[in-house]
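J.: Listed here are the chains, written in short residue letters.
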Amino acid sequence: MHEWALAESIVMATVEEARKEKLKTITHVTVHIGELQQIEKEIFLFALNELSKSQKPLIKKDAFVLKTDKSTLSCKNCGESWKYSDMKKKLNKTESESIHFIPEIVFVHTRCPHCGSPDFEITKGRGVTLTSIKGVR
Amino acid sequence: MTMEPRTSVIEKRLKNINRIIAVASGKGGVGKSMVASTLALHLSQHGHRVGLLDLDLYGPSSHIILGVKNKFPTEEKGIIPPIIHGISFMSIVYFTEEKPSPFRGSDISNIILELLAITQWGRLDFLIIDMPPGIGDETLDVIRYIKRSEFLVVTTPSKVAMGTVSKLLTMLLELKKPVLGVIENMTMADASFIEQEVQRLQVRYLGKIHFDHTLEDSIGNPDALSETQAMKDLRLILKKIHL
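These protein sequence lines are chains Y and D, in that order.
Residues in the first sequence are numbered consecutively from 1, following this note's numbering.
Residues in the second sequence are numbered consecutively from 1001, following this note's numbering.
Just chain D, with the same shape it has in the complex (with noise of 0.2 Å):
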């Protein structure tokens, strides 16, 4: 008998977090990243205790939107995300040093696993996973062991965006996940297949997040990301979710 013990404390784990959000896309390059580390912004600015996982263990990139610098975990029985502005957050690259990470798939399940058994989120209203783009281990193993996760997503205006986005949109709701929406980021113009297609698969589309020229200086600022349009944009969105 060989036994895998960590599946069995996930549960408690995540036991005091309200609501567990999986911002995801199936396609890479969308800006899932910067959904879910302004999601994350904005639900801490509104009072609320926000947890982020960035599980894009090949790229993480949430450390750099929030402008994570020296951070580190602490040890208290597990190990606990350091706060950064508000906001609880844990990914892979305390530990990588932003070397490459040459993970294949199994290598990927035991990272998440461990991530999962080991960190103490403590009590918080929401917790904003960062994923990966494909439906690969990552999704799989989120459906999987996060059974509570919601799945906010992610496309671009783009025909082949949108070609792999539906594929995702068809495995969650083949899985019966709960999906709040589709948000159409970095639109340039005033096109309507996006929405149609996603109306199409019977999912909420949630609304554009127009292309902002004055996003890409304000990353790694927090403070200035929550003055731009895109932010702006999000809130408006996010407000139909009631979030």
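One chain only, chain Y, in its complex shape (with noise of 0.2 Å):
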């Protein structure tokens, strides 16, 4: 459950921004979380709220909201983008699971689609990122 990692540095960043605010209790956090980390959100979500535990500042149940962010991939060779999901089928399951623990795996098992370039470059949705948090002084 590599998602248990993740999770755990969200909840560290979040309670460290939260001390900095110097908040009391943290009642809404925004996640995004970019397609080609492939999360499992149920189990981060779990996960997220079994590390949420005993923090201070409190962090309320149920305060995390995943958002999912489509991968968009540019080819510095031809201009061209596309997305993950456009070519995620043609991968193997342990190339997509390397993918997984690592996103920028895919610049080893993929090619831009148009000119079959290796340099191309993730311009949104790599992994897991802290949007917002919002909470009570």
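Please note: incorrect hints may appear among the correct ones.
Unchecked claim - Under the rule of at most 30 Å between Cα atoms (straight-line distance), these lysine-lysine pairs were calculated in the DSSO-like manner:
id	chain 1	residue 1	chain 2	residue 2
1	D	Lys1069	Y	Lys93
2	D	Lys1176	D	Lys1147
3	D	Lys1015	Y	Lys61
4	Y	Lys89	D	Lys1071
5	D	Lys1077	Y	Lys41
6	Y	Lys83	D	Lys1099
7	Y	Lys60	Y	Lys70
8	D	Lys1167	D	Lys1232
What the hints assert, rightly or not - To spell it out: a stretch of chain D is covered by chain Y in this simulated footprint if at least three of its residues, at any positions, have a beta carbon under 8 Å from a beta carbon of chain Y; those stretches are:
id	stretch
9	1089-1099
10	1113-1119
Stated by the list, open to error - Not close to chain Y: a few residues of chain D, all C-beta gaps over 12 Å, as computed:
id	residue
11	Asn1018
12	His1048
13	Gly1067
14	Val1068
15	Ile1083
16	Asp1107
17	Ser1109
18	Gly1134
19	Leu1140
20	Thr1164
21	Met1171
22	Gly1181
23	Leu1201
24	Ala1224
25	Glu1227
Hints in this document: simulated from the structure, not taken from any laboratory.
For clarity, every value in this text was computed on a predicted model and none was experimentally measured.
Think of the CB as a built atom: it goes at the ideal place given N, C-alpha and C, for glycine as much as any other residue.
Put the complex together from the two separate chains, hints included.
T.: Written as structure tokens, this is what we have:
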């Protein structure tokens, strides 16, 4: 359950930020999940809620809201863009799982579907980011 | 607001590791991976709990030196590195399957952050980091995210190599990072240029590992590696810094 490690980083970063903002209770945290990371949302949410117990400042039950970002991959060579979901079916289970662990492995196992170049970038939907923390002072 | 959460958890992942030693050079091809792998083997043979992290993301080679085949980390609240000859060994090679790895700078930093955030090392006496050449992203990221790193620097007897190694040493000294010393690797003659240059920079010169013709045949076989003259030379050097 690799999701647990990422959930732990989210909870620790939330607590750190809330302390900086002098929040006493954290009521609402928005987490964006990039398509490339292929996180299992249910497991991730379970881990977030479990890890939130007994934190200071207090994280309210169900404070976490997960949003999924579709990916955009853009080729530096030909300028075309595409989504990871467009090419995922061409990958075997091991390749797809490796991208789940480290999204940049997409540069190893895939190429631009238009020109075949390995020189592309992830412009959207890479991994897990925190986008808002709300609470009560 | 967009916040990077992974940096928050790195310290926790490394907190049960007693010492972290980055084997670095600045120059490629001087034998960093060989020194890092054999250092990890040496420490493991002395009963220490040892981890080895290969951060050479374009050209990982520690797995070749240690003969790692058909191994993969297990998933348990992160990823747990497999144990190879007593060493918890983590490398990008588990995910790249020996295919070319065309990463740009920001990708490198993301990969390092991801590896540091999700790897569950557990309790270790030593974590050895096999650093890539250069003083770019990987070196800067190790300095930034692994604040407790001590550096063991490797050069060859070449003036060309030392030219670059001096720049790495100058930067580490400027940043007040602990430098355990410099190992002169693959020596063939008794010259003192490297020793003088290292001393000029006020860094500890640790000694020579002589060019060993038998070393290549021992690659992939840790038992044979342990018997090489290169390993014997390394052990004498490590004694000087109590490793």
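J.: May I ask you to check that D/Leu1201 keeps its beta-carbon over 12 Å from the closest beta-carbon of chain Y?
T.: holds, 35 Å
J.: Mind checking the alpha carbons of Y/Lys89 and D/Lys1071 for me, to see if they're no more than 30 Å apart?
T.: holds, 25 Å
J.: In terms of Cβ atoms, is chain Y entirely out of 12 Å range of D/Glu1227?
T.: Holds, since 36 Å exceeds 12 Å.
J.: Holds or violated: D/Lys1167 and D/Lys1232, Cα atoms, limit 30 Å.
T.: holds, 29 Å
J.: Can the restraint linking D/Lys1176 and D/Lys1147 be considered satisfied, given a maximum Cα separation of 30 Å?
T.: Between D/Lys1176 and D/Lys1147 the Cα gap is close to 11 Å, so the pair holds against 30 Å.
J.: Are there three or more residues in the stretch 1113-1119 of chain D whose C-beta lies within less than 8 Å of some C-beta in chain Y?
T.: Result for this restraint: holds, n = 4.
J.: Just want to verify: D/Gly1134 was marked as not at the interface with chain Y; is every Cβ pair farther apart than 12 Å?
T.: holds, 18 Å
J.: May I ask you to check that D/Ala1224 keeps its beta-carbon over 12 Å from the closest beta-carbon of chain Y?
T.: Answer for D/Ala1224: holds, closest chain Y Cβ roughly 31 Å.
J.: Is the nearest CB of chain Y more than 12 Å from the CB of D/Val1068?
T.: holds, 16 Å
J.: Is the Cα-Cα distance between Y/Lys60 and Y/Lys70 30 Å or less?
T.: Since the Cα atoms of Y/Lys60 and Y/Lys70 sit roughly 28 Å apart, the hinted pair holds (cutoff 30 Å).
J.: Taking the closest pair, is the beta carbon of D/Leu1140 still more than 12 Å from chain Y?
T.: holds, 17 Å
J.: Is it correct that the beta-carbon of D/Asp1107 has no partner in chain Y closer than or equal to 12 Å?
T.: violated, 5 Å
Checked against the numbered hints given earlier, this structure breaks hints 16, 17; the rest are met.
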